[in-house]
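Working from the sequences, and respecting the hints, build out all of it.
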Amino acid sequence: MITYKRAASDQELQEILAIQKRNLKAVISIQERKEQGYITVPHTFDILKKMNDACPHILAMDGDRVAGYALVMLRSFKYEMPILIPMFETADRLLKGKNYVAMGQVCIDKPYRGQGVFKGMYTFYKEQLSTTYDCLFTEVATSNIRSLEAHKRVGFKILETQITDGTSWEIVNWDWNE
Numbered sequence: 006m007i008t009y010k011r012a013a014s015d016q017e018l019q020e021i022l023a024i025q026k027r028n029l030k031a032v033i034s035i036q037e038r039k040e041q042g043y044i045t046v047p048h049t050f051d052i053l054k055k056m057n058d059a060c061p062h063i064l065a066m067d068g069d070r071v072a073g074y075a076l077v078m079l080r081s082f083k084y085e086m087p088i089l090i091p092m093f094e095t096a097d098r099l100l101k102g103k104n105y106v107a108m109g110q111v112c113i114d115k116p117y118r119g120q121g122v123f124k125g126m127y128t129f130y131k132e133q134l135s136t137t138y139d140c141l142f143t144e145v146a147t148s149n150i151r152s153l154e155a156h157k158r159v160g161f162k163i164l165e166t167q168i169t170d171g172t173s174w175e176i177v178n179w180d181w182n183e
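Using my numbering, read the sequence shown as starting at 6 and increasing by one per residue.
Do not take every clue at face value.
Said to hold, decoys possible - Here are the simulated DSSO-like pairs of lysine-lysine, each with C-alpha atoms no more than 27 Å apart in a straight line:
#  : residue 1 : residue 2
1  : 115       : 54
2  : 162       : 83
3  : 103       : 157
4  : 124       : 26
5  : 103       : 55
6  : 26        : 83
7  : 124       : 39
8  : 54        : 26
9  : 26        : 157
10 : 101       : 30
11 : 26        : 115
12 : 103       : 10
13 : 115       : 30
14 : 124       : 55
15 : 30        : 162
16 : 83        : 55
17 : 10        : 101
18 : 101       : 157
As the list claims (entries may be wrong) - Ranges of calculated distance between the beta carbons of each label pair, as one might list FRET restraints:
#  : residue 1 : residue 2 : range
19 : 39        : 84        : 31 to 37 Å
20 : 163       : 69        : 23 to 29 Å
21 : 162       : 37        : 34 to 40 Å
22 : 168       : 102       : 24 to 30 Å
These are computed hints drawn from the structure, not numbers from a lab.
The beta-carbon is built from N, C-alpha and C at its ideal position, and this holds for glycine as well.
Okay, here's the thing in structure tokens:
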């Protein structure tokens, strides 16, 4: 049975990194990218831990095993990962006056896909953070159709399309006050 919680240990962060490593766009086939989606940005343990210390990440757990994760990234981490600066600048412009939080990355480990874990993690995310934040935003590569459609089903709406370093991204937002 899948349960949801906030990340609380270095071991859980290491499991996030292991899932991340197996699902990076650079290491999976083109066919798998199309069918299963992919993640783009690798994180180091240090940045993952700093982010978690500031606001713990969301985990889907199968017993003591991490089945999926949704990273929580506060505005204060805007400059920690240069590749994400354009995303934050766009959010600052489009969500002016909103107290937002960024979903830094979401990934479900392969054995757990298609079982509602994605929606379950986002439901838990909202339960945990909607009393503090107005909305949750992220960006999804336009070529990552599976992820984009999954985000729309949860309640994210496309705010803008932008191109960064040759990659087209949908900036999406889930307004928790609607």
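These are the hints, each one checked on the structure:
The suggested pairing of residue 115 with residue 54 holds, with an alpha-carbon distance near 24 Å, which does not exceed 27 Å. Distance restraint check for residue 162 and residue 83: the Cα-Cα separation of roughly 22 Å lies within the 27 Å cut-off, and the hinted pair is therefore satisfied. Distance check on the hinted pair: residue 103 and residue 157 sit about 20 Å apart at the alpha-carbon level, within 27 Å; holds. Taking the CA atoms of residue 124 and residue 26, the gap is near 22 Å; set against the 27 Å cutoff, the hint holds.
With a CA separation close to 24 Å, the supplied pair residue 103 and residue 55 stays within the 27 Å bound. The suggested pairing of residue 26 with residue 83 holds, with an alpha-carbon distance near 22 Å, which does not exceed 27 Å. A distance of roughly 20 Å separates the Cα atoms of residue 124 and residue 39; the hinted pair therefore holds under the 27 Å criterion. Distance hint between residue 54 and residue 26 is fulfilled; the C-alpha atoms sit about 16 Å from each other, no more than 27 Å.
Only pairs whose Cα atoms come within 27 Å are accepted, and residue 26 paired with residue 157 is accepted, the gap being roughly 25 Å. At most 27 Å may separate the alpha-carbon atoms for a hinted pair to count; residue 101 and residue 30 exceed this at roughly 32 Å. With a C-alpha separation of about 12 Å, the suggested pair residue 26 and residue 115 falls inside the 27 Å cut-off, and the hint holds. Simply put, residue 103 and residue 10 have alpha-carbon atoms about 26 Å apart, close enough for the 27 Å limit, and the pair holds.
With a C-alpha separation of about 14 Å, the suggested pair residue 115 and residue 30 falls inside the 27 Å cut-off, and the hint holds. With a CA separation close to 26 Å, the supplied pair residue 124 and residue 55 stays within the 27 Å bound. Of the supplied pair hints, the one linking residue 30 and residue 162 holds, its CA atoms being roughly 24 Å apart against a limit of 27 Å. Taking the CA atoms of residue 83 and residue 55, the gap is about 13 Å. The hint holds against a cut of 27 Å.
Of the supplied pair hints, the one linking residue 10 and residue 101 is violated, its CA atoms being roughly 30 Å apart against a limit of 27 Å. For the hint pairing residue 101 with residue 157, the CA-to-CA distance comes to about 22 Å; that is within 27 Å, so the pair holds. Look at residue 39 against residue 84: about 33 Å separates their beta carbons, and that is inside 31 to 37 Å. A hinted range of 23 to 29 Å is violated for the C-beta pair residue 163 and residue 69, which are about 37 Å apart.
Our hint of 34 to 40 Å for residue 162 and residue 37 is violated, since their Cβ atoms are close to 28 Å apart. A beta carbon spacing of about 26 Å between residue 168 and residue 102 agrees with the range 24 to 30 Å that was offered as a hint.
Checked against the numbered hints given earlier, this structure breaks hints 10, 17, 20, 21; the rest are met.
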